[in-house]
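Trainee: With the hints as a guide, bring the two chains together.
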Amino acid sequence: MNPPNHPDAVVTADEAIVGLYSAHYRSLVRLAALLLHDTAAAEDVVQDAFVATHHSWRRLRDPENALAYLRQSVVNRSRSRLRHQKVEDRKAPRPMPDAPSAEYGALHAVERSAVMTALRDLPRRQREVLVLRYYSDLSEAQIADALGISSGAVKSHASRGIAALRDSLEPQR
Amino acid sequence: MSHDDRDLDMERRLREALASTAEAVQPGGDGLMRIQQRVAEGRGRDRWLRPALVLGSVVVVAAIAVGGVAIARHGTGAAKVGPGHSPSPTPTINPVVSDGFPEQAFFPFSNAAEEASWEQQSAGGHSPWISDPGAVSESWVDNYLKFGAGVGAGTVSITGTSADVTMQRAIAGSEHPVAIVHLVKFHHAWLVTGASSAQGDLVISSPAPGATGNSPLTVSGPGFGVDERANVEVRDAETPALLGQAKTGMFGGGTSQWSASVSFTPSDEGFGVVVVSIASPADGGLGEFTAQKVVFTTASPVAKTAGFYGVQGGVIERFDAGGAPAGPVAGSSAHGTVAEVHHAGGTLYFTAGTTDCPSTLYSLPAGGGTPLSAAQADQGYGIEGFDVTTDGLLTYYERSCTRPMPDPQAKLWFEVVRQTPGAHTTGYISFPSEPPAIVGDPVWEADGTHVDAFVRTGMQGYLARYDSTHGNKTMPGAVPCGQYDPATQLTGAVATAPDGTLWFAGQTGSSMQVLSCDAGQPTVRFTIPVNGTPQSLAVDSSGTALLADSDGNVWRAAAGGTPSELSTKGGVSSVTW
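Those protein sequences? They're chains A and B, same order as listed. Going by the numbering used here, the letters in the first sequence line up with residues 1 to 173, in that order. Going by the numbering used here, the letters in the second sequence line up with residues 1 to 577, in that order.
Keep in mind that the hints were calculated from the coordinates and are not lab data.
When the alpha-carbon atoms are kept at most 20 Å apart in a straight line, the in silico SDA-like pairs for lysine to any residue are as follows:
#	chain 1	residue 1	chain 2	residue 2
1	B	411	A	24
2	A	155	B	15
3	B	411	B	445
4	A	155	B	9
5	B	569	B	552
6	A	155	B	7
7	B	185	B	162
8	A	155	B	6
9	B	185	B	130
10	B	411	B	376
11	A	155	B	13
12	B	247	B	222
13	B	146	B	527
14	A	155	A	124
15	A	155	A	72
16	B	185	B	158
17	A	155	B	12
18	A	155	A	166
19	A	155	A	139
20	A	155	A	127
21	B	411	A	23
22	B	411	A	22
23	B	247	B	216
24	B	569	B	324
25	B	185	B	132
26	B	185	B	116
27	A	155	B	8
28	A	155	B	5
29	B	569	B	326
30	A	155	B	11
31	B	569	B	320
32	B	185	B	210
33	A	155	B	4
34	A	155	A	140
35	B	185	B	126
36	B	411	B	357
37	B	146	B	130
38	B	569	B	143
39	B	185	B	120
Since this is a predicted model, take the numbers as computed values, not measurements.
For reference, chain B alone in the conformation it holds in the complex (with noise of 0.2 Å):
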């Protein structure tokens, strides 16, 4: 062998050598969400600055620095119950108490009977935070009304059975109150009754607390400051779920009342709470909430109409329709990790494999038994995507899992998972080097011969329709919906309604987005305010759609109705009806 000859030799060991080592590489599932979690507290500090530098009003900031040195300065991290002083105006709900049971507690409890039953609990431990306030306002605020964990409580001031809890978060250097928590002690719990803002401003004068409404429900106070804007949101009270929010109009330098109207569906439970917050003009995060129940005069005529599926914890679970965990589908983990299902006809699919590359399509019943392998991906290909129609019409998308990459790099198939009258042309697209490469999943169309998917090339991307038939794109007017502009968002999730209506769910950069093709227009049919990256997208027949973000949480809209968050106590990587 000659010089040369080894040193090739050598160039092709070593390769194989940090390929097969590489390969063995396996990232956990988590990276972006911390990525995007990291990327949200540098932006917290960076908006910190900003204010401090430029901000006009120095009054505000000095305000706030001794308003800060006024309270009793605990810190964020934990509860601390003292005798303080109560720097609280007057509170928003003077607790009325009847049959025992406070009449305006929503959280944690709502009746008597879910306190005795954690008082059976607690005698073995179980959430001793409920019985201190500052642990249990911190609790809901950070849990339920998700202003974050930077907002902790300071000051506990204590008289017989009623708290005032001080919720404060840091803002240049000095804690900044921002609201105070009221609750009452009902044996060994504290319940919050409701909030009201810490410099008595933010008032809300209709409705009155626990006053009945419902969608649009009207929401007014005093008018104060100069320039201001309120987000008013309607939220369920026993789960994280936003029923609805609205933004007041410019307020403040002598207008005298503030208002906004908010559209929601309600909750089963047939309450929630109303809360108005302002933003910090030092730093643009909160400045001030209040917060109130409210009693719904209907339930949702959409809420807990039927459940779902997804997959969490690399299982098939079902959902109730409230989005609880209702146990996982018998025989979905017999396979190893679940990637994705999809429900057809009474059969739910799904991928499973290794965590990074599914590499087999299965079927099971979807009461449970024993999966069938419906299709498997090439060797050393995994299946990214697919899409299954009661038919038995499959599409997927595989990408190689090994490195180094092979051509092609990608492959969209067409096939069939039973036998159907017709045969069906079975074949693939290839995508030989990515970018271009297809984003979730792609999707049949009505006619049965039509596949439409997003694709990205690089940062862009755009909404193709391929023949199944012909194997390749129609070209030119790939998108398969007229007007939709991909450049205004980053498509995450493409969904194929029972009317064969294409549904397709984006990022704005500020809110995801589904929107619908009509008649080849794209139609939004509601927004997120979350700047989240939509997943998995599903429709059913009335247009309910289901939607599942990067970070694992599940949105729910009917027709025309506000979306909510569902409470799946997280990690749903893939949902379907």
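With the rest of the complex left out, here is chain A (with noise of 0.2 Å):
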């Protein structure tokens, strides 16, 4: 019998796939639609992202690669589609469903709308590492890997973004 981390235990590109699925599917498809703001886009997005994983798994097979290449592809497709989104869907947006208000309450739901708000006014590159920072916890060097920018960039946008959405809010508070 081999213990679980044999080298020998190949892992299929299939099995890796169940796999990453189980562990990462939701978090990936809620990461997506915080980018698009469009859940079903965000599904679409993550499925791609999954078949171009499988497609690369002979060149990662470390899961830690993949999960890494899984959510850099989401974040690229994600852009992709929001450039082609702001096109095509400036006549008729689908906005991602409103949380449960009675487990929310008013107050939360204004307050939420209005950081989520202020978020999809930032640059891009400020939102994409803040999203990536404040919802997927991911550090400076896994946010840098996942947009192909210094760790240096990420700190610095991710500073100025936190300074805009302030700036933005607190005449409301």
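Mentor: This is the structure:
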């Protein structure tokens, strides 16, 4: 019997995708939804990323690489989709569902809406960095990897993004 | 408030807004299925390219292309009825008509009464495709023989009340004929009587069309070609179920004949279809096939002996032994979408709530009634898998549904559903950060003390044994099935048989395998030749197993028998006897 992490235990792409799906699909869809503000589009983007990961499995092998690749693919595809969506969806954007108001309360909903609106108004890089930092809880290095920028740039975008949000929201408090 | 404090406050507000916004996003439950479908489609395309680049026998590709041009090209989407020429070799079956109904006909009807019923309904526009021989052929090949939607009807040649439909699929840019489906017309319906290979070389010489036979059935035919190998299936005629399957040895290059012995569990209908196919040397996909009716000498000793319960469409559904839905269990939809069900001692236990976070375990009389709450997950957690014994011992795995994830992210609980003699320790094991995480159900061992579960650690996993009285995992030697090698497959479902034997099902990469742990050693009980992901497993006292895969299909196999797919109409996510 091989122990759980025996090096000979080759994981096929099919198995890997099932494992990644089980562990990360939901959070990746939510990440994409935060970037796209469209749940259906978010699912499409994440499914595209999984299919691409499957195709690239021979190169990835390491599950940690696979998750980083998936996340990077989701961010990149969300960005492309957003560019396209900005042209197409000016007519009829599809908003994400509201959270149950009974649980969160009216005040919470107003606060959340204000923050999310301010977030959407930020430059794209700042928005991506803040979502990856404060929703996905990624480190600066991981964010840099996902966005293909330096750690210094991550720090800078995060700092400017938080400041811009604060400036935008403080009059409302 | 200082500048730093204001930033910290902003970070907190942003984190909360992102978490609550994300929490409202509920992905659909079909994501994996869609990904797998697209990967499969991609594979199809990939397989096309490789042979074109590396295949030594360019002649084969050229021959296919020529063949494609020779046959009228109607594409694979819709059947076209037209005069066309008949490229058919000698049909495998010459239909014999007696008492009005064609004796060899089996699809979509196998008797005059079924056809008459359709005639009555067809006046109202019901299933008009049955009066189109091309559409009937496509439905049979795609939905019942399961050769896939890439195989479509080409030329349709009609002579009086007989029709030959060329089934074809695209290879290297050309339509390649794979079989000629033979049909006869009965009143307004076109009925399939069999199929012969398009090139005429793949022929079944034994058994004869419509002959009687039983398991194991020896199927043979004359050899041809070079380095050929055929797949032989015995299928149910009235459902898409595969009853048994075998491969021939390599033949061709002078071999006088091919043959295979197929073990199968006969269906109750008393007849089925023998299907023989070979792969295309160009791309590895379907090359040719031939099919004919076979009559079973005896009915299955296990078929339709007992029904089962399953979750379909978010409610608990009863299924008959053949897998046909027999109606929902009253009361099962009272508390939202049902995620999982287990039957223990005349009571159905099920989890329900929101689709993404079923937080409550309910009990319900198996005959239906008013559900009662039996256990409740902690606030913000949903129950992912559970097991209940007839004594009321309960174990369940709850996982956080909220972001940011709390610590622990998941817990394995040991409880009692109702008071039983000898109070049982109630407690839980923490899973601070997944992975490791439990996949499928945790299951009680017969001793009522230990709980076994499959634990995934990233891409790997192992079978673990937990001691409910001490709330710890037995270490070392945590694997409750000594020689089971988790590296060989991805386990997705675990069950305890009534005799206390641990069963589990895994994905090998090319098939699903169901194993039992007998005296600490793993034994392969049966293999399902489908690259699916096991999701739910149930075993009865006779050793008959039910397995639901993540695509919602259900398989059944008796001890020593061959698994067959049940006609549940799909979408079944959990099964229990």
